[in-house]
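Could you build the full structure based on these sequences and the hints that come with them?
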Amino acid sequence: MEFLERFAVPNPSLAIYASMVAIGLTLIAIIAGLTYFKKWGYLWREWLTTVDHKRIGIMYLISALIMLFRGGVDAIMMRAQLAVPDNKLLDAQHYNEIFTTHGVIMLIFMAMPFIFAFMNFLVPLQIGARDVAFPRLNALSFWLFFFGAMLFNISFVVGGSPDAGWTSYFPLAGNEFSPSVGTNYYMIAIQISGLGSLMTGINMITTILKMRAPGMTLMKMPMFTWATLVTNLIIVTVFPVLTVALVMGTMDRLFGTNFFSSTNGGMDMLWANLFWVWGHPEVYILILPAFGLYSEIISTFAGRNLYGYKSMVASMVIISGLSCVVWAHHFFTMGQGALANSFFSITTMMISVPTGVKIFNWLFTMWRGKIRFTVPMLYSIGFIPLFVLGGVTGVMLAMSAADYQYHNTMFLVAHFHNTIIPGVVFAMLAGLTFYWPKMFGFMLNERIGKWTFWLLTVGFCLAFLPMYVTGLDGQARRMYTYSAAAGFSTLNMVSFVGAMIMAVGFVLIVYNVYHSVRYAPRNIGADPWDARSLEWATHTPVPEYNFAVQPHVASSQAFWDAKKNGHVLFPGKVEKIHMPNNSGVPFIMSAIFFVWGFSMIFSLWIPAIISTIAIFACMAHRSFEKDHGRYISVAEIEETETKLRGAN
Amino acid sequence: MKIDHSLPLEYSTKQNGLNIFGFWVFLAAEIMLFATLFTSYFTLEHRVGGGPSGTEIFEITPVLMETLILLTSSFTIGLGVHAMRIGNKKAMTAFFVITLLLGLGFLGLEIDEFITYIHEGATLQTSAFTAILMLTLGTHGAHVTFGLFWGSAILMQLKKRGLTKETANKSFIFSLYWHFLDVVWIFIFSFIYLKGMM
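Chains A and B supply the protein sequences, listed in that same order.
If you count the first sequence from 1, position 109 lands on 108 in numbering that gives the first Met the number 0, and the numbers rise without skipping.
If you count the second sequence from 1, position 166 lands on 165 in numbering that gives the first Met the number 0, and the numbers rise without skipping.
Don't read these hints as lab results, they were simulated from the structure.
Some hints could be false.
[Unchecked claim] With a straight-line Cα cutoff of 25 Å, these simulated SDA-like cross-link-like pairs (lysine to any residue) come out:
hint, chain 1, residue 1, chain 2, residue 2
1, A, K625, B, F145
2, B, K164, A, V584
3, A, K563, A, F372
4, B, K158, A, R621
Keep in mind that this is a model prediction, so the values were computed, not measured.
Pasting the structure below:
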């Protein structure tokens with residue numbers, strides 16, 4: 000029994016027991032459903048072992064949506080707790096756990112897979128490649144992310160959630176002040192999925208730099224591909240920093256070292272610095288692909304070339320450089336002195352310049368265009384003013400002297416939600432709607448989509464703009480309650496109403512998927528939006544080899560040129576195509592990583608050692624394996640092509 | 000797979016070229032990893048708590064031997080890759096075996112060094128300085144250990160399958176990895192040991 004006690008949740012409540020039951024029932028339902036419909040073989044052959052970048056992209060997408068709802072429930076609980084003063088809905092401990100998991104899940108297990116979904120699905124199509132450079136590694140990236148996410152999520156019901164905030168500052172995150180295993184979950188689960196992100200970074204950089212279609216020079220790449228390239232350069236630069244920081248944090252908690260402790264020479268500020276050396280570029284890792292998606296969508300629906308292509312690229316590169324030298328603005332108040340604060344203050348303000356360039360480029364792209372107000376375009380247009388508001392408050396926060404007033408208040412919370420929601424979440428939803436037909440062969444309902452957009456926008460404004468006011472009035476972030484005398488009551492209630500409206504918006508997305516699966520027409524062709532870049536030049540659904548003939552490119556809008564200006568996109572003839580084989584090893588290896596992580600979290604050394612050996616065995620297997628891939632014959636390709644042309 | 004005979008064997012297919020390029024990007028990430036460790040080391044170097052400092056525990060003789068052994072192994076793997084380029088499998092195998100043996104010797108000395116530190120009262124838990132010292136050295140040592148297994152796996156494949164475009168590719172990538180570990184060690188030698196002993 001003593002052995003089992005360590006897995007108990009330290010602060011159980013009705014909600015946690017209910018989630019245990021819900022997780023149990025869901026698992027039983029999934030297993031029973033798969034067995035009843037005899038889908039185990041299909042699941043294994045077509046999805047769990049796949050190395051196809053499109054399927055991996057779709058799996059990222061599904062995971063991101065599921066995590067969006069998990070993080071969303073956390074958000075609703077927080078807003079409900081703060082809706083009225085002196086609320087007893089949650090106690091302080093649960094509130095701590097919820098804001099911690101909300102942050103980690105939304106950033107690392109929702110936004111990251113969401114951008115990886117688009118990168119995976121789109122980049123090989125946009126550059127006219129068969130797949131990414133290392134398809135097997137790509138599958139491993141996904142499964143590491145997936146099992147990392149699952150590991151983090153079970154913390155809620157096994158052993159207790161992390162409760163030291165998503166930044167997990169030491170010494171709060173040390174054993175003394177966070178004695179439960181929750182923070183171990185944080186350290187290990189993020190480590191596992193972070194390895195996956197790093198591998199994606201290597202994979203995408205190699206793919207983009209080495210596998211572009213003939214004629215596609217760097218300055219003729221679609222803007223989303225550029226954004227992906229810059230983003231992955233940041234990933235490769237900063238994720239190793241996180242790896243080291245997490246290793247140190249893990250060692251402090253599990254092996255009693257003194258990296259971040261308050262005794263024996265330990266330095267807690269080292270964690271804060273290392274964390275933000277990764278953490279600040281991380282927000283640009285999220286926003287740059289979003290900018291890429293907006294660029295694609297705005298130029299498509301304005302019916303014009305993207306304005307200022309070169310300045311778009313230059314501003315992304317400048318942003319990526321600056322993003323690595325601004326990290327200390329997250330802790331201006333923690334005493335690094337006036338000189339350091341001034342430096343980081345100025346670099347932070349400088350980022351607003353290239354960002355402003357991008358905003359004007361989008362506006363000029365729309366200028367005198369024939370704008371079609373589709374759902375993706377609505378998100379893109381809504382993004383511009385809302386994101387500018389978030390950017391302006393960001394410049395306010397960047398002034399280190401003034402930051403002493405804003406630091407750790409709801410003003411900050413309002414600011415970063417104001418950039419992340421209209422910036423990243425709107426872009427993801429716009430991209431989801433825009434690329435849905437390419438992924439699944441039918442369009443999402445526009446009417447429901449427009450309702451969703453307006454609900455989310457109105458809900459967002461109601462939920463977050465009041466926080467600017469309460470923050471300036473002194474409401475601290477991460478406080479689980481406040482008294483009526485503080486005067487925050489009305490605005491917090493408004494926030495709660497806004498959050499509920501957003502919740503309705505997100506539920507409508509699910510309804511939209513259901514409705515469109517049932518009723519949307521399937522005969523939409525390969526190019527339903529009259530779009531401009533290569534991904535629309537192949538069939539819908541996209542065949543596994545992407546393009547029967549490798550495309551030749553002469554501009555950044557190759558498909559548009561082919562449609563309007565007589566550019567010959569596919570000059571060659573069909574040849575046999577080399578494709579990689581499926582493999583179960585990435586899935587199995589990541590599952591072993593899950594066991595390894597779980598054992599480390601609970602200090603179960605024997606299973607930890609066995610699973611470590613098993614992980615290396617998987618790598619050895621890969622080394623000795625003879626896998627030369629397979630060929631798709633010309634006859635097969637022509638059969639598929641005829642069928643797909645007929646379907647259109 | 001198309002084979003381009005104008006290029007060396009390890010670059011001869013498209014996938015081979017991709018593998019090598021991808022590995023360079025991976026090495027960039029590794030540089031960031033070690034850069035973070037070095038930065039943390041410089042930050043925590045003098046925070047010894049009640050424990051010993053670098054001047055008290057570092058000894059030049061074993062460190063110098065480790066350095067010589069590792070630098071020699073970088074030279075021998077270079078000879079191995081040269082032998083591979085001229086298609087001399089036997090010489091290549093011999094140089095790779097020597098490289099791995101030198102790596103093993105390095106690792107033995109490093110383990111001995113760690114044991115000495117622990118006997119002198121500088122354990123992982125003693126202070127921030129000892130923790131970051133052992134983490135930095137340990138990360139490098141773990142890389143060498145991994146390299147020994149990886150190199151052995153490649154040697155086995157070389158023996159069984161001969162010098163093919165796959166084994167040549169793997170051997171070349173392994174040599175990049177090994178040279179990289181050597182470069183890291185030069186930094187460890189200069190900025191941890193020599194600086195610490197001054």
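* Asked: Going back to the hint list, which numbers does this structure go against?
  -> Violated: none.
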